[in-house]
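Participant: Throw the hints in and build the complete structure from the sequences for me.
In the order they appear, the protein sequences are chains U and A. Counting in the numbering used here, the first sequence runs from 1 upward without gaps. Counting in the numbering used here, the second sequence runs from 1 upward without gaps.
A hint or two may mislead.
Per the computed footprint, the stretches of chain U lying under chain A, defined by three or more beta-carbons under 8 Å from a beta-carbon of chain A, are [what the hints assert, rightly or not]:
1. 31–39
2. 56–66
3. 80–93
4. 98–106
Looking from chain U toward chain A, a few residues come up when the C-beta cut is under 10 Å (computed) [stated by the list, open to error]:
5. LEU9
6. LEU113
7. LEU130
Just so you know, these hints were derived from the structure itself, not from any lab. Where a beta carbon is used, it is the ideal one built from N, C-alpha and C, also for glycine.
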Amino acid sequence: MSKNSSERLLPRPSSESQHFWDGTKEGELRLQRCGDCGKSYFPPRPFCPFCSSRNVLVYPASGQATLYSYVINHLPTPGFDGPHAVAVVTLEEGPRMMTNIVDCEQTPDTLVLDMPLEVTFERQNDDITLPLFKPAS
Amino acid sequence: MKHQHVAVVGAAETTEMGVIPNLTELQLHADAALNALADAGLTAADIDGIACAGVAPDVLASYLGVTPTWIDGTHIGGSSFMLHVRHAMVAIQAGHCKTVIITHGESGRSAVGAAGFPEFFAGRLGGEFEVPYGGNIPPTMFTIPALRYLKEFDLTIEDLAQVAVAQRKWAALNPRATFKDPITIDDVLNSKMIAYPFTLLMCCLRTDGGGALILTSADRAKDFSQPPVYILGTGESCEGPMISQMEDYTTSRAFRVAGEIAFAEAGIERDDVDHVMIYDAFAHVPLYGLEDLGFCKPGEAAGFIRDGHTSLGGKLPTNTNGGGLSYMHSGMYGMYAMQESVRQIRGLAPAQVPGAKISVALGIGGMFSVSGTIIFGNELP
Numbered sequence: 001m002s003k004n005s006s007e008r009l010l011p012r013p014s015s016e017s018q019h020f021w022d023g024t025k026e027g028e029l030r031l032q033r034c035g036d037c038g039k040s041y042f043p044p045r046p047f048c049p050f051c052s053s054r055n056v057l058v059y060p061a062s063g064q065a066t067l068y069s070y071v072i073n074h075l076p077t078p079g080f081d082g083p084h085a086v087a088v089v090t091l092e093e094g095p096r097m098m099t100n101i102v103d104c105e106q107t108p109d110t111l112v113l114d115m116p117l118e119v120t121f122e123r124q125n126d127d128i129t130l131p132l133f134k135p136a137s
Numbered sequence: 001m002k003h004q005h006v007a008v009v010g011a012a013e014t015t016e017m018g019v020i021p022n023l024t025e026l027q028l029h030a031d032a033a034l035n036a037l038a039d040a041g042l043t044a045a046d047i048d049g050i051a052c053a054g055v056a057p058d059v060l061a062s063y064l065g066v067t068p069t070w071i072d073g074t075h076i077g078g079s080s081f082m083l084h085v086r087h088a089m090v091a092i093q094a095g096h097c098k099t100v101i102i103t104h105g106e107s108g109r110s111a112v113g114a115a116g117f118p119e120f121f122a123g124r125l126g127g128e129f130e131v132p133y134g135g136n137i138p139p140t141m142f143t144i145p146a147l148r149y150l151k152e153f154d155l156t157i158e159d160l161a162q163v164a165v166a167q168r169k170w171a172a173l174n175p176r177a178t179f180k181d182p183i184t185i186d187d188v189l190n191s192k193m194i195a196y197p198f199t200l201l202m203c204c205l206r207t208d209g210g211g212a213l214i215l216t217s218a219d220r221a222k223d224f225s226q227p228p229v230y231i232l233g234t235g236e237s238c239e240g241p242m243i244s245q246m247e248d249y250t251t252s253r254a255f256r257v258a259g260e261i262a263f264a265e266a267g268i269e270r271d272d273v274d275h276v277m278i279y280d281a282f283a284h285v286p287l288y289g290l291e292d293l294g295f296c297k298p299g300e301a302a303g304f305i306r307d308g309h310t311s312l313g314g315k316l317p318t319n320t321n322g323g324g325l326s327y328m329h330s331g332m333y334g335m336y337a338m339q340e341s342v343r344q345i346r347g348l349a350p351a352q353v354p355g356a357k358i359s360v361a362l363g364i365g366g367m368f369s370v371s372g373t374i375i376f377g378n379e380l381p
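Facilitator: This is the structure:
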């Protein structure tokens with residue numbers, strides 16, 4: 001994705017999310033799952049939001065997802081050049097996450113709800129690689 | 001024993017509305033407060049409870065000259081004031097205070113002495129997991145559920161646009177509305193694209209202004225010059241600040257939970273309601289509000305509006321001040337929704353609903369994050 005003069009606002013990892021950003025650097029989309037109730041969740045935190053258990057583990061997601069909803073932002077946004085989709089995808093494992101859809105036109109005709117997507121990783125700097133999604137091959 | 005009821009005995013907005021470059025946010029709070037005190041025939045010395053958002057309640061109390069025995073600084077965005085009303089009602093019933101003032105003032109356009117918005121709308125996790133993708137301002141966050149909503153209910157972008165058209169018709173009747181000229185669906189669709197499917201006329205205004213309410217117990221309320229507007233029901237809830245984590249893009253859990261509690265407390269049915277205010281930061285929100293409050297079945301609000309039921313002469317006049325889309329929106333709109341409810345119940349609204357007895361005001365904080373619903377009435381149950 002091309003950039004304009006101002007840079008994309010990048011995440012600042014914390015102790016509870018470092019595993020996620022370590023994963024994207026290694027080409028892995030990491031989710032968490034509860035060791036007691038078995039449910040997957042996102043964003044990262046060191047306990048289960050469904051049953052309050054601290055017995056949680058990190059695991060690699062498949063990277064498969066579908067397009068849940070989006071807008072195509074026409075407002076100037078740091079790090080984006082022209083209209084771009086701000087999207088929310090449903091991961092195969094259940095949780096949803098915000099992302100951008102790349103490798104396709106940013107138009108309503110191209111971006112069809114429920115279309116299958118797969119994760120792709122875009123390096124930003126030494127510390128941060130963002131998980132973006134593209135139409136499934 | 002049932003608690004005694006509480007009533008609004010003073011209500012007013014700021015003297016000016018729209019662009020107010022000469023007043024700070026604190027001054028807007030005070031201007032609204034002084035107008036509400038005058039409306040109630042009181043002075044600051046009569047107030048023993050204070051609640052506000054934006055400026056801290058201790059700052060406002062000392063500025064106004066109030067010595068409170070009850071303070072609420074709940075600040076959860078645009079529905080803060082609905083929650084203040086709910087909390088104040090209980091505080092009055094508990095005897096913690098007798099006469100509460102709730103104020104709002106926001107220099108949303110001129111940004112004079114403005115508290116501004118937090119660094120990340122959706123908190124630290126939102127800053128980490130939404131902002132990098134462009135989910136950093138309301139037009140790219142609040143709006144995201146809409147395409148899913150339209151698809152699930154087989155609706156079109158015209159169904160969004162007509163919400164703005166319907167509200168402009170109300171605004172035309174309101175001398176204080178920012179925009180009064182009639183618009184068509186084509187006007188809305190052809191206005192500047194902000195974040196597809198949302199064009200400029202589907203997005204709320206950014207203006208300066210404020211408002212204040214004064215509450216006291218129902219037995220004292222009868223002694224005031226204005227007819228009491230009783231609080232019949234109240235509800236509050238929240239879901240969360242990250243729009244990506246909203247559990248269902250076709251319905252707001254916060255709206256449903258808060259609304260259900262408020263109707264149960266009031267002991268009324270939806271058919272009993274004469275007038276509704278639904279916080280409309282963007283054109284899709286009234287659709288969710290009408291459905292999640294139970295006035296329409298899921299997916300039927302767009303048809304309900306299209307058929308004129310929320311417009312002049314309709315069975316459920318909605319957003320009769322013109323709403324955030326056409327009247328004003330300083331950033332935290334909930335106060336203005338309640339001001340219009342109070343005007344309608346007093347019978348003093350510019351676009352008065354004949355014989356309005358019960359009005360419902362739904363507020364939102366953040367992007368579908370927090371909700372407060374207040375039901376007002378002109379009679380005790």
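Participant: It remains to establish, for every hint, whether it holds in the given structure.
Facilitator: Status of each hint after checking the structure:
| no. | hint | in the structure |
| --- | --- | --- |
| 1 | 31–39 | violated (count 0) |
| 2 | 56–66 | violated (count 0) |
| 3 | 80–93 | holds (count 6) |
| 4 | 98–106 | holds (count 3) |
| 5 | LEU9 | holds, 5 Å |
| 6 | LEU113 | holds, 5 Å |
| 7 | LEU130 | holds, 6 Å |
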